[in-house]
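**Student:** Those protein sequences? They're chains A and B, same order as listed. The working numbering applies: residue 5 is where the first sequence begins, and numbers increase by one. The working numbering applies: residue 67 is where the second sequence begins, and numbers increase by one.
Note that these hints are calculated values from the structure, not bench results. The model shown is predicted, which means the values in this text are computed figures rather than measured ones. Heads up, a few of these hints could be off.
Calculated lysine-lysine pairs in the BS3-like style (CA-CA distance at most 25 Å, straight line) [what the hints assert, rightly or not]:
(1) A:52 - A:209
(2) B:459 - A:79
(3) A:97 - A:79
(4) A:94 - A:240
(5) A:209 - A:231
(6) B:459 - A:97
Here are some of the chain A residues that sit facing chain B, going by a computed Cβ distance under 8 Å [as the list claims (entries may be wrong)]:
(7) 72
(8) 77
(9) 78
(10) 79
(11) 97
(12) 98
(13) 104
(14) 105
(15) 110
(16) 116
(17) 118
(18) 120
(19) 129
(20) 130
(21) 133
The beta carbon of each residue, even a glycine, is placed where N, CA and C say it ideally should be.
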Amino acid sequence: MVTASRPDLSDSGQTQLKAVIRTEDVHKYYELGETRVHALRGVSVEIKTGEFVAIMGASGSGKSTFMNILGCLDKPSSGEYLLDGINVSKLSKNELAHIRNQKIGFVFQGFNLLSRTTALENVELPTLYAHITRAEGQKRAREALQLVGLGDRTLHFPSQLSGGQQQRVAIARALVNQPSLLLADEPTGNLDSRTSIEIMDVLQKLNEKGLTIVLVTHEPDISTFAKRTIQFRDGKIRHDELVAERPVAAEVLRQMPVLED
Amino acid sequence: MNLAAILRIAMRALARNKLRSALTMLGIIIGVGAVIAMVSVGQGAQQQAQDQIAAMGSNILFVGSGTVTRGGMRMGWGATKTLVYDDMSAILRESPAVKAAAPGSQSSAQVVFGNDNWATQINGTEPQYFEIRNWPFQEGGPFSQNDVEMAANVAVIGETVRKNLFGATDPIGETIRINNLPFKVVGVLASKGTSAAMGQDQDDVIVVPLTTLQKKITGQDWLRWIMVSAVSRDASYAAQQQITGLLRDRHRIRAGQDDDFMVRNLADMAELADQQARLFTILLASIASISLLVGGIGIMNIMLVSVTERTREIGIRMAIGATEADVQQQFLIESIVLSLIGGVIGIIVGLGSSYMITHTLGWPVLVSTTAIFTAALFSAAVGIFFGFYPARKAARLDPIEALRYE
Chain A
5 MVTASRPDLS
15 DSGQTQLKAV
25 IRTEDVHKYY
35 ELGETRVHAL
45 RGVSVEIKTG
55 EFVAIMGASG
65 SGKSTFMNIL
75 GCLDKPSSGE
85 YLLDGINVSK
95 LSKNELAHIR
105 NQKIGFVFQG
115 FNLLSRTTAL
125 ENVELPTLYA
135 HITRAEGQKR
145 AREALQLVGL
155 GDRTLHFPSQ
165 LSGGQQQRVA
175 IARALVNQPS
185 LLLADEPTGN
195 LDSRTSIEIM
205 DVLQKLNEKG
215 LTIVLVTHEP
225 DISTFAKRTI
235 QFRDGKIRHD
245 ELVAERPVAA
255 EVLRQMPVLE
265 D
Chain B
67 MNLAAILRIA
77 MRALARNKLR
87 SALTMLGIII
97 GVGAVIAMVS
107 VGQGAQQQAQ
117 DQIAAMGSNI
127 LFVGSGTVTR
137 GGMRMGWGAT
147 KTLVYDDMSA
157 ILRESPAVKA
167 AAPGSQSSAQ
177 VVFGNDNWAT
187 QINGTEPQYF
197 EIRNWPFQEG
207 GPFSQNDVEM
217 AANVAVIGET
227 VRKNLFGATD
237 PIGETIRINN
247 LPFKVVGVLA
257 SKGTSAAMGQ
267 DQDDVIVVPL
277 TTLQKKITGQ
287 DWLRWIMVSA
297 VSRDASYAAQ
307 QQITGLLRDR
317 HRIRAGQDDD
327 FMVRNLADMA
337 ELADQQARLF
347 TILLASIASI
357 SLLVGGIGIM
367 NIMLVSVTER
377 TREIGIRMAI
387 GATEADVQQQ
397 FLIESIVLSL
407 IGGVIGIIVG
417 LGSSYMITHT
427 LGWPVLVSTT
437 AIFTAALFSA
447 AVGIFFGFYP
457 ARKAARLDPI
467 EALRYE
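Using the sequences and the hints given, assemble the complete structure.
**Tutor:** Rendered as structure tokens:
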């Protein structure tokens, strides 16, 4: 079990870095009719700046609930959650929306892009809810698209892009407000294995630039691209360990045979 | 989020479903168009009523013979025989507020000229009648006081009678037959058109000397009416009081008994006609408003469908930082834009149909800016009112559920 009292679990040399995420004894209950579902049973974890954490677990293990709480879409029933030092369990709905806008970038399994809306406009979307000018928002959106290698596809609609390209647009959208944390929920779930590794390559490169990433996945080989894996079972953390032999996605891609149709 | 961004998003969302947006707007277009066209028709009628009464002169009073009850049976207006020529002389002599008066009786008859005949109303009066009513001649002139004294067979005809009997022939000097008596036409009255107050064609009339009508056509020596003009508009109420008092006195009506005559002030009638026309306007506008209401319900329906369809979009927007207020604003602005564009097109349609009504049906139409502004405001209000619930529903969605929505 990881707590604040066990430092230096992540990369050496990052001990002095502050925690992006700190949860303390987080519980979550749902009332379903007469029964009470206990989805999280005391989760305490600390994730520091620059970490790349994969959250694993079967369905019903509580990982999705934990993900929703980390993403400020849901609040813990008890316990505390500090994001960038802010106790978000105490915030109002509007304040949570602001936190999501400023501090968190979401990447979903189904891409969740707005259809009939260009890549640029999709990426620009979070800036509309931030207090910046339209010109500044568009400039940032262009930069974010360039960062994920889609600088030449700004005016394409999602329907004109491949699955991998759509997911890269979604990553660009998650990055546009320069968040403290990128939350990726099964980002490779809808992609073939080569495209999956391409997406992991994008995430690894972003992580190298210092971005903190939390990745939820149920595929063990995808989780190995992260630096650290956390296993959930029955609403609790079962394993929390560093990845021993971490493959570099770019290398894997180079060795992979290109499939011909 | 600033207003320009919200408007841009709203326009794009509406453009995405062009046919649906257009059909939804159609409800508002028809509603606003109908309100403007109907109010224009109503106000046109109101204006016409006012114009006609102003043309008649608001200092005019109409004294009519009244109702009586005989053996428990109440007779209609004009049933009494108590209004006589001497009453008029007394009014002229004793009411200081009265400037002039003309006696009148009436009948209806079949009038013949050559091969044409026409049923019309025959009024018997004296020459000052035309001055009191301020009724000019398009041809010829009135008969003289001498004609009245001689009970001469002369007639002044209205425009409708001229059209039906003479067509292209010049009527002056021609002889028409009323009840088989020959009458020489001395004048044709200018057209006054249909009276909005009374709803009758004022030009469908023949005017002859009172004595001629009484002695040769009806055989009655009492009067049906006396047309009185007061010295001024302000004096018309005083004149009404004086005439009422005088006639009650002359007809020996005791206190508590009903008048056997009636005195109508045209200022009152103008007010009545105005009230009726206003009621007419309100009635038309309320009927038209119902279609605006139905249009509003159409907007609400489509917005509810749109919120359900775009549940996932709402989830995405919330996940990336849209607040409840942002989402609510977005959908509210969408429905307001929908109804405002519909309102603007509706105004154009309403103006167009008002123009068509004037030109094809010949009805007087008065397009008022008030009606246009009211319709525009109303359509915006419809957008807010009927857009509020769907927008609220969108804003209340749980982002987690919304993101999972298929």
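**Student:** Would you mind confirming whether the straight-line C-alpha gap from residue 52 of chain A to residue 209 of chain A stays at or under 25 Å?
**Tutor:** Judged against 25 Å, a Cα distance of about 17 Å means the pair holds.
**Student:** With a cut-off of 8 Å, does the beta carbon of residue 133 of chain A approach a beta carbon of chain B closely enough for the hint to hold?
**Tutor:** 4 Å, holds
**Student:** Grab the minimum C-beta distance from residue 116 of chain A to chain B and call the hint holds if it beats 8 Å, violated otherwise.
**Tutor:** 5 Å, holds
**Student:** Given a cut of 8 Å on the nearest C-beta pair, is the interface hint for residue 105 of chain A held or broken against chain B?
**Tutor:** Cβ of residue 105 of chain A sits 2 Å from chain B, so the hint holds.
**Student:** Does the CB of residue 104 of chain A sit less than 8 Å away from some CB of chain B?
**Tutor:** 5 Å, holds
**Student:** Could you check if residue 78 of chain A really has its C-beta closer than 8 Å to a C-beta on chain B?
**Tutor:** It holds, given that the least Cβ distance between residue 78 of chain A and chain B is near 6 Å, below 8 Å.
**Student:** Answer holds if the nearest beta-carbon of chain B is closer than 8 Å to that of residue 118 of chain A; otherwise answer violated.
**Tutor:** Given a least distance of 6 Å, the restraint on residue 118 of chain A holds.
**Student:** Under 8 Å is the threshold here; is the Cβ of residue 129 of chain A close enough to any Cβ of chain B for the hint to stand?
**Tutor:** 6 Å, holds
**Student:** Can you verify the interface hint for residue 97 of chain A: is its Cβ closer than 8 Å to any Cβ in chain B?
**Tutor:** 6 Å, holds
**Student:** Quick check on residue 130 of chain A please, does its C-beta sit within 8 Å of some C-beta on chain B?
**Tutor:** At about 4 Å, which falls below the 8 Å cut-off, the nearest Cβ of chain B leaves the hint on residue 130 of chain A intact, so it holds.
**Student:** Between residue 459 of chain B and residue 79 of chain A, is the straight-line Cα distance small enough, at 25 Å or below?
**Tutor:** 21 Å, holds
**Student:** CA of residue 97 of chain A to CA of residue 79 of chain A, is that 25 Å or under?
**Tutor:** 10 Å, holds
Against the hints set out earlier in the document, a violation occurs for number 10 only.
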